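Here the structure of chain A is known, so what remains is to put chains P and W in place on it, guided by the hints.
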Amino acid sequence: MKPILEARHLTTMLRGRHGGVVTAVDNVSLSVMPGRALALVGESGSGKSITCLSLLGLLPSSGKLVAGEVLFKGRDLAKLPQRELEKIRGREIGMILQDAMTSLNPLLTIGDQIGEVFRYHQRVRDRAELRRRAVEVLEKVKIPAAAERLDSYPFQFSGGMRQRVSIAINVALSPDLLICDEPTTALDVTVQLQILGLLSELQREQNMAIVFVTHDLHLAAQFCDDVAIMYGGRVVEAGPIREVFERPVHPYTVGLLEALPKLETYDRRLLAIPGQQPGLAEVPRGCRFAARCASAVAQCHESYPDWFEWNGGQRRVACWLTPQRLPEPVAEMQQELANG
Amino acid sequence: MPEAVPVATMPVLSRRPAEPRLELAPPKARGRVLMWIQLGVAATVAVLLVAAALFPSVFAPYDPNAISLAETLKAPSAAHWFGTDQLGRDLLTRVIYGSRVSLFVAFCAVLLAGAGGGLFGVAAGYLGGMVDSIVMRLADIQLALPAVILALVLVGAIGFSMFNLIVVLSLANWARFARVTRSEALSLRQRDFVLLARLAHASRLRIIFAHIVPNVTNTFIVLATLDIGIIIILEATLSFLGLGVQPPMASWGGMIADGRGYLETAWWICGFPGMVLMLAVLSANLLGDALRDRLSPTLSRAW
Amino acid sequence: MAESAARTFMRIRDLRKTYEVRRGLFGRARPLHAVAGVSFDVQAGTTFGLVGESGSGKTTIAKMLMLAEGPTSGSIVIDGQDLTALDRKQRGQFHRELQPVLQDPYSSLDPRMRIGRIIDEPLRIHGFGSRAAMDARIRELLELVGLPPDAARRFPHELSGGQRQRVSIARALGLSPKCMILDEPVSALDVSIQAQILNLLKDLQGALDLTYLLISHDLAVVAYMSQRIGVLYLGEFMEIADAREVVTNARHPYTQALIASVDARSGAIDGSAVSGEIPSPMNPPSGCTFHPRCPYAQARCRTEKPALRPLAPAHLVACHFAESISAPQYPLPTPAACMPIRRSHALPKEMT
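Residue numbers (our numbering), protein chains in the order written: chain A, 1 to 340; chain P, 1 to 303; chain W, 1 to 352.
It should be emphasised that the hints constitute simulated quantities derived from the structure, not laboratory data. This structure is a prediction, so every number in the text was calculated from the model and none was measured. Note that CB positions come from ideal geometry on N, CA and C, so glycine has one too. Keep in mind that a hint or two might mislead.
As the list claims (entries may be wrong) - Each computed SDA-like pair below joins lysine to any residue, with the alpha-carbon atoms no more than 25 Å apart:
1. W:K202 with A:K140
2. A:K142 with W:R302
3. A:K140 with W:E277
4. A:K2 with P:L22
5. A:K2 with P:R15
6. W:K178 with P:L195
7. W:K202 with A:P274
8. A:K64 with P:A18
9. A:K262 with W:S326
10. A:K64 with P:R21
11. W:K89 with P:A18
12. A:K2 with A:N207
13. A:K262 with W:G161
14. A:K142 with W:P284
15. A:K262 with W:Q205
16. A:K142 with A:Q203
17. W:K178 with A:S174
18. A:K64 with P:L22
19. A:K140 with W:G276
20. W:K89 with P:P17
21. W:K178 with P:S203
22. A:K142 with W:S54
23. A:K64 with A:V283
24. A:K87 with A:Q98
25. A:K262 with W:N249
26. A:K2 with P:P17
27. W:K202 with A:R269
Claimed, not checked - Partner residues are not named here, just some residues of chain P that face chain W (Cβ under 7 Å, in silico):
28. D192
29. F193
30. L199
31. A200
32. H201
33. A202
34. H211
35. P214
36. N215
Here chain A stands alone, though its shape is the one from the complex:
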């Protein structure tokens, strides 16, 4: 099955405030399968949000996508002019940002804002038709009394409702891909689950692929199918999420999972990753995580690790120590192949 979105060797540079340039996204490659949700997980400064913006061509003026391609349905989004990208965004690719309050226009009613989607992308002019479609879309996202709420303004809604409206606007035209950047972080925990449940349902109905940027590993585990873990602007590990979280290989992934407070290990001491992330401006010669890695060897400090992949390239890790750290089934099979 071909991926619906394939990003290859994306490299984005950002100009810092005092003129310095950092590489916020360093050779990131991702592939998103149709109908599946990819979690892009990392801590602050890992480059996950910038990667998102790079995919959509929405970088701020201080940033520039200097290399790489973003293949979507056969076209390279990185090479398209903004005009073309605008036609794709909203219709074939939806995007949901963290704070719905800033992505909704406070001066327009939500009916108007949803109507804009149909007016711009499908050239619908008839007002009654626009209203009808808007109600339909609001009902899809389970906003009660949709018809009456068409004439409300964003500030009259709660955070969760606004996020639903934002989702409604973006799935109105049944896009093939939805890109979400921390869509539930600002919401209460119980509402987060509802929104994710809604997204899950929409995903199944419309066979929509999702890229889900988050720092919340619990949510990612519940909601997504695949995961790419980012550190220091690079992807360090990727694969199906259950596998990565249950049998992590890269020391950073291991460290992250061990440092995460979990109910099932509530009475066991957390193993914290010592030290802290180096700034993006510091570029060590070798693996970026080596300075904090308990398993690092000399080679880790000298050159950036090769990719080790298995399962048809679905599962990949960038760590020199991968051969010694393989999950057991894979290690056994390696052994078998080597022997016979």
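Here is chains P and W on its own, set in the frame of chain A:
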């Protein structure tokens, strides 16, 4: 979700080298060259002016009050770069000595207005209540009266002198500072470190001087620098109207007033003081803008 | 934990806080019951965790215990002393016993002050001693929280979020408090740093015999740190129990919803049990405040407010049907199912 790795798909461990880091020259920032030129020019002018004001005898070729009836109304020449006025005094010298007055008065007035208005504003913002109401009403009054009228009235009331002039200019100007520092203090009051200081039983005075004031200084510096230009013009206006520094002391405003009658014949009597005045104000404004750009990013980075 | 030697350090009874809120320019002032009667005990040397979302009142309770605000009614007895009976000055003395650590590491430190001065501000205010004594104390505190001694000369913007939070902790420890009020101390930090700070807090608790009141919306963090947990919703307790009870045998539907959000195996995404949003505290629902969103709600829940009653000696639940609602159906796994990675554990000391 795939559980174990199925035996059918080849779980062979393949390996490929990591993508090399791109070492690209970063895209050149365009607007910054202009900014540096602006800054350079402004700083140079400012330094020159201040130097001339501090060490006039080094820069001025003549005595500012030396009258020479033989040399009246001479056009700019090698001997008199700025020409001479109706009493034969060298204009360059008088402009330089005039700068002493203008810059000194402006500096003091801005400091006085800034410190006074700034403190009032901080008190109003942090303490709120009655203090806030009183200070803000006073500020409203000051802002409602045009500066020149206010200055006129005050000078008329307390008479001429350099000191009075400074006081008058401060009184006509403090509300601007008060407003700004008040709003800064209001937002600072909400911040956690102020709450923590309160919880630690720091006295209000301590909080204001140890926490609020230092965090307001950045904005204050920017505002003060921008204000210097305004005060210079205000002082020049007063001198122009005869209410500022009295002759024969040189002052830019006074010189412009003197030159009014000779605009067609000896334009340089008005012209050069006016140009230098403009340069001074312009450089103060440019410096203020540059400071704002410089200090604001640090502000948000530090916070 | 040291339950046997425990004495009650904090006794809160029927604590209430009501604000008068005026809607619009001419509206009548209406009461907002931010905290609607909470009672709990905290044993010395232990951590009591308050869990809740927005509108739950946890921050208001924290503020009252930090002595930033006074309660509308109710009693707060700390170390035998009833705070509400003291006058302002006397209450001020208590702030030395109860030190706060706040959520935002970027707002908690004065950006224009050096770290050393930030830490010794409380010391200076209280006349701790000579300059030399204070400097020695600063060095001691920095070491206690895992920061190098030269950090005292730095400015906050030179430190990372985790390091700033360490500074906040060091400052709070300056006057040797008996109790720390931790208001979302790690919510603004990355996962890998969270663990460092949580472990630091745990170690300090053991070393200095501190009592903690931990406020958070993250049940996993609270379960890790606390011996006893109270679940708040709209200003009231829904459930209070020991940590183990809450994790394995939560009986209130709201607690179960919170558990579902942090448990990957709950499968809560499909068929999420809790519907709707948190109602405004100004308009709490009748009867049980949770009933509009509760998957088990019956008619009785709408009319009759459930009391917080003991299901077991130390397990209080505010639900009519607590006995019949079963706990979430997944047991705690055996250790083998958790991350089995062979590695050497020579963890280096904290670096700057």
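Now the hints, each set against the structure:
1. W:K202 with A:K140: violated (47 Å)
2. A:K142 with W:R302: holds (24 Å)
3. A:K140 with W:E277: Measuring from Cα to Cα gives roughly 18 Å; hence the hint holds.
4. A:K2 with P:L22: violated (28 Å)
5. A:K2 with P:R15: holds (22 Å)
6. W:K178 with P:L195: Holds: W:K178 and P:L195 sit about 20 Å apart, inside 25 Å.
7. W:K202 with A:P274: holds (16 Å)
8. A:K64 with P:A18: holds (22 Å)
9. A:K262 with W:S326: Cα-Cα ~21 Å, so holds.
10. A:K64 with P:R21: Distance ~16 Å between A:K64 and P:R21 Cα, so the pair holds.
11. W:K89 with P:A18: Roughly 65 Å between the alpha carbons, so the hint for W:K89 and P:A18 is violated.
12. A:K2 with A:N207: holds (14 Å)
13. A:K262 with W:G161: holds (22 Å)
14. A:K142 with W:P284: holds (23 Å)
15. A:K262 with W:Q205: holds (21 Å)
16. A:K142 with A:Q203: holds (15 Å)
17. W:K178 with A:S174: violated (58 Å)
18. A:K64 with P:L22: holds (13 Å)
19. A:K140 with W:G276: holds (16 Å)
20. W:K89 with P:P17: Between W:K89 and P:P17 the Cα gap is close to 69 Å, so the pair fails against 25 Å, i.e. violated.
21. W:K178 with P:S203: This hinted pair holds, its Cα atoms lying about 24 Å apart.
22. A:K142 with W:S54: holds (22 Å)
23. A:K64 with A:V283: Measuring from Cα to Cα gives roughly 19 Å; hence the hint holds.
24. A:K87 with A:Q98: holds (22 Å)
25. A:K262 with W:N249: With Cα atoms ~16 Å apart, A:K262 and W:N249 stay inside 25 Å; holds.
26. A:K2 with P:P17: The given pair, whose Cα atoms are some 24 Å apart, holds under the 25 Å limit.
27. W:K202 with A:R269: Roughly 10 Å between the alpha carbons, so the hint for W:K202 and A:R269 holds.
28. D192: holds (4 Å)
29. F193: Constraint on P:F193 satisfied, holds at 5 Å.
30. L199: Because about 6 Å separates P:L199 from the closest Cβ in chain W, which is inside the 7 Å limit, the hint holds.
31. A200: holds (4 Å)
32. H201: With a closest approach of 5 Å, the P:H201 hint holds.
33. A202: Result: holds, 6 Å to nearest chain W Cβ.
34. H211: holds (5 Å)
35. P214: holds (4 Å)
36. N215: Result: holds, 6 Å to nearest chain W Cβ.
In summary, the structure is inconsistent with hints 1, 4, 11, 17 and 20 from the numbered list given earlier, while agreeing with the others.
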